[in-house]
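Visitor: Here is what each chain is made of, one letter per residue.
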Amino acid sequence: MSFALGALPIVLLLLGFPIFLVLLSAVSVALTFFMNVPLAALHQNVYGGIDAFPLLAVPFFIYAGELMGRGSVAARLGEVVQAGIGGIRGSLGLTTVGTATIFGAISGVSAAAVATIGKLMLAPMRKGGYPDQFTAGLITAVGAIDIIIPPSIPMIVYGAAAQESVPRLYAAGVLPGLLIAGLLACYVMWFARRRGIGGSQPFELRHFARAVVRGFWALGAPVVILGGIYGGVFSPTEAAAVACVYAAVVTRLIYRELSIKDILAAAQNTVFFTAQILIIVACANAFAWLLTVNQVPTTIVAWILSLHLSQMSVLLVINLLLLLVGCFVDPLSAILLLSPLLVPVVKALGVDPIHFGIIVTVNLAIGLFHPPFGINIFVAQTVLKLPVKTIYRGITPFVAIYLVALALITYVPEISLWGMRLFLAKS
Amino acid sequence: MDRIVERLMQAIARLLTGLFVFAVLLAFANVVARYVFSTSIPAADEVEIYIMIWMTFLGGAVVTRRHMHLRMDVLAAALPWRAQYVLQLAEQVILIGVAGFAVVPSAQYVATTYQLGIRSDGAQIPMWIPHGALLVGLSLIALLAFLRLVAIARHPEKARPAGFPGEGAAA
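Just so you know, the sequences run in chain order A and B.
Mind the numbering: the first sequence is residues 1 to 427 in my numbering, read in order.
Mind the numbering: the second sequence is residues 1001 to 1171 in my numbering, read in order.
Hints in this document: simulated from the structure, not taken from any laboratory.
In this text the structure is predicted, and so the values were computed from the model without any measurement.
No residue lacks a Cβ here, since even glycine has one placed at the ideal position from N, Cα and C.
Misleading hints may appear alongside valid ones.
To be verified - Just some of the chain B residues that point at chain A, by a computed CB distance under 10 Å: (1) MET1001; (2) VAL1005; (3) PHE1028; (4) ILE1049; (5) TYR1050; (6) THR1056; (7) LEU1070; (8) ASP1073; (9) TYR1085; (10) LEU1089; (11) GLU1091; (12) GLY1097; (13) VAL1110; (14) PRO1126; (15) ILE1129; (16) HIS1131.
Stated by the list, open to error - For lysine to any residue, the following SDA-like pairs were computed, each having C-alpha atoms within a straight-line distance of at most 20 Å: (17) A:LYS385 with B:LEU1025; (18) A:LYS261 with B:ALA1013; (19) A:LYS385 with B:LEU1019; (20) A:LYS389 with B:VAL1074; (21) A:LYS261 with B:LEU1015; (22) A:LYS127 with A:ARG194; (23) A:LYS261 with B:ALA1011; (24) A:LYS261 with B:ILE1012; (25) A:LYS261 with B:TYR1035; (26) A:LYS127 with A:LYS385; (27) A:LYS261 with B:PHE1022; (28) A:LYS261 with B:MET1009; (29) A:LYS261 with B:VAL1074; (30) A:LYS261 with B:LEU1025.
Said to hold, decoys possible - Distance windows between CB atoms, simulated: (31) A:GLN163 with B:ALA1111: 27 to 33 Å; (32) B:ARG1154 with A:LEU307: 52 to 58 Å; (33) A:MET35 with B:ARG1003: 50 to 56 Å; (34) B:VAL1093 with A:MET35: 21 to 27 Å.
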C-alpha cells in the first residue's frame, strides 16, 4: 500500500505528470491491487469532492477578478491611493502596495494582480526615480497579498480540503494581509528616504475628491464583497456571484470598457481555470479518502506526538516544508496534496485549523514569487520586460519581509484569530 | 481528424461558457429574489453545482487537449529531449489506463441512478445527469490521450517539451 500512497504519487509528480493524473493513478492502483472495496467508491469520492456549494465561489471569484482586471478598475484604485498619499516620501511605491491590497479585496488570483499592477506602476515608478531592480521586486512581491486578503481562492480550497468555514478563513486573513502590506510600506518608505526619493504630488482635497469620484465604482467592489459577507448579507458564494454581476455592469455599462465579447472571453477563461483547479480538487478528495481509510494521517500524528516536539518546532518544520513545496507546486495543488496529512497533525498539537489555514496560505503566497520558480516572477518578466536576474535581485529584500511576517503570523495566532473574532462578531 | 476534434473542443468551450454565465445569473437572481421578493429559487443551488461539475470534467477534456493541466514540470523540463518524449508517451498511456479505469464504475453508477430514477431534492433533476459528467469527461480525456499518443508516436516532433506552457495556464 505504501507504494500506491507514497512512492507512486511522488514519482509521477516529480516526472511532471498532471497533478490530477498523479492522484487518480494512486487511487486506481490502490483500489485495484491493495484494497477490497467496490469500485463505485472511486466514482463517489471523485464526484463528492466537488459536489459542494462553497466551491462555487472559486469560479465566481475568478470571473469577477477577470472582469475587473480587464478594465481600468486597478488604474482607478491606484489614482485614489496616489491622490491620498501623493505627498508622502515614497508615495509611488506606497501606491503600488495600497493598490495591490485593495485589488486583493476584489480578486483572489495573484498573477492577475502582478500583471495589472505591473502595467500600471512600472512607468510612473521609473519616472519617479525608483531603480528597476526595486520596482521589479516590489511589483512581483505585492501580488502575493492578493491571495491572503480575502476573497482568496486558496482559502476556499483549504476550506474544502480541511472542512473549515470559508467566512472564518476570510475573516482571519484580513489582518495578516494588512500586516504584510504595512511591513512592505515601511520598507518602501525606508528605501525612499535612503535614496532621496520624494513624494510625487502634494495632497489636494479637490484632486483627491476627483479621484474618489472617478474610482467610486471600483472602490465599491470590495465594499460589496467583504461588506456583504461580514454584514451577514451574503454567503461567500453569493457574494462572489454578486461581484461577477457588479464587475460586468461596472466595466460594461458604467466605464464602457468591455464589450459583450470581452465579458464572454473572460467567462471562457474562467471555465478553463475552474476545470484546471476543480479536477484536482475532485481527485484529491478520493486520495484523501484513501489516506483516511488506511489511517495514514492517524499514523503520522501518532509518530509526531511520539517525538515529543513542541508546537513551535513542528510549525517551523511545516513552514520549511511548505516554503520548499511552494517553490515547485502551485498553491492550490499544494493545499490539496498536503492538507489531509498536515491538518490532523496540527490539530493534535492544539493549533487552530483556521490559524493554520492562514499559515499555509502565507507560505504558499511566498512560493508564488520565491526564486527560482515562483510563477509571479515569470508574469512580472513578461509584463515588465526586465531580465530575470534583475527581478531575482529585486525580490530578495521582499522575500525577507514576507518571512518576518510569516514568523509573526505563525507564532502570534492572535493576528489571525483576533481578526476572525472581530469580523465574525459583527455578522 | 485533428480539425474535427478542435471543432468539438470549441463547441464544448462555448457550451460551458454559456452554462457558466447562466449559473452566475441564476445565483444573482436567487440573491435578488431573497432580498427583493422575500422568496428564493429552490432549484438554483443544485443547478449551479451541477453546472460546476460539468465545467470540471467536460472542461477537463478541453484542458487536456490544450495541455493546460497543472503539473510540476520543473525537473522534467531539465531532462534531455529523448527522455521528455518517452515521458509524454508514458503520460498518454497512463492517462488512457487510469481514465479508462475510472470510466467503468462511473458508467455503472450512471446506469444505476438512471434505472432507479433517482432525482435531486430541489430541482428534481435526474441524478444521472450530474453523475454523467464524470463518465463523459473521463471518456473524452481517455480518447484525447489515445489520439495524442498516436499523433506523437507517428510524429515525434509534435511532442511538446516539458515546461512548455499550454494555451492559457492557470494564474
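Visitor: For each hint, tell me whether it holds in the structure or not.
Guide: Hints and how they fare:
1. MET1001: violated, 23 Å
2. VAL1005: violated, 17 Å
3. PHE1028: OK, holds: PHE1028 (chain B) within 10 Å of chain A, min 5 Å.
4. ILE1049: Interface hint status for ILE1049 (chain B): holds (6 Å vs cutoff 10 Å).
5. TYR1050: holds, 9 Å
6. THR1056: holds, 4 Å
7. LEU1070: The hint holds - LEU1070 (chain B) has a Cβ within 10 Å of chain A, the shortest such distance being about 5 Å.
8. ASP1073: holds, 4 Å
9. TYR1085: violated, 13 Å
10. LEU1089: Constraint on LEU1089 (chain B) not satisfied, violated at 12 Å.
11. GLU1091: This hint holds: GLU1091 (chain B) lies near chain A, its Cβ roughly 5 Å from the closest one there, short of 10 Å.
12. GLY1097: This interface hint holds because 8 Å falls under the 10 Å limit.
13. VAL1110: With a closest approach of 9 Å, the VAL1110 (chain B) hint holds.
14. PRO1126: violated, 15 Å
15. ILE1129: violated, 12 Å
16. HIS1131: holds, 6 Å
17. A:LYS385 with B:LEU1025: violated, 39 Å
18. A:LYS261 with B:ALA1013: holds, 14 Å
19. A:LYS385 with B:LEU1019: violated, 37 Å
20. A:LYS389 with B:VAL1074: Within the cut-off at roughly 18 Å; holds.
21. A:LYS261 with B:LEU1015: Answer holds: LYS261 (chain A) to LEU1015 (chain B) is near 15 Å, not above 20 Å.
22. A:LYS127 with A:ARG194: holds, 18 Å
23. A:LYS261 with B:ALA1011: Holds. LYS261 (chain A) to ALA1011 (chain B) sits at ~16 Å (cutoff 20 Å).
24. A:LYS261 with B:ILE1012: holds, 17 Å
25. A:LYS261 with B:TYR1035: Given pair LYS261 (chain A), TYR1035 (chain B) is violated - Cα atoms ~31 Å apart, limit 20 Å.
26. A:LYS127 with A:LYS385: holds, 16 Å
27. A:LYS261 with B:PHE1022: Since the Cα atoms of LYS261 (chain A) and PHE1022 (chain B) sit roughly 16 Å apart, the hinted pair holds (cutoff 20 Å).
28. A:LYS261 with B:MET1009: It holds: about 19 Å lies between the C-alpha atoms, which stays within 20 Å.
29. A:LYS261 with B:VAL1074: Distance of about 36 Å is beyond 20 Å: violated.
30. A:LYS261 with B:LEU1025: holds, 17 Å
31. A:GLN163 with B:ALA1111: 27 to 33 Å: Because 31 Å falls inside the window, the suggested range holds.
32. B:ARG1154 with A:LEU307: 52 to 58 Å: For ARG1154 (chain B) and LEU307 (chain A) the Cβ distance comes to about 55 Å; the hint holds.
33. A:MET35 with B:ARG1003: 50 to 56 Å: violated, 43 Å
34. B:VAL1093 with A:MET35: 21 to 27 Å: holds, 23 Å
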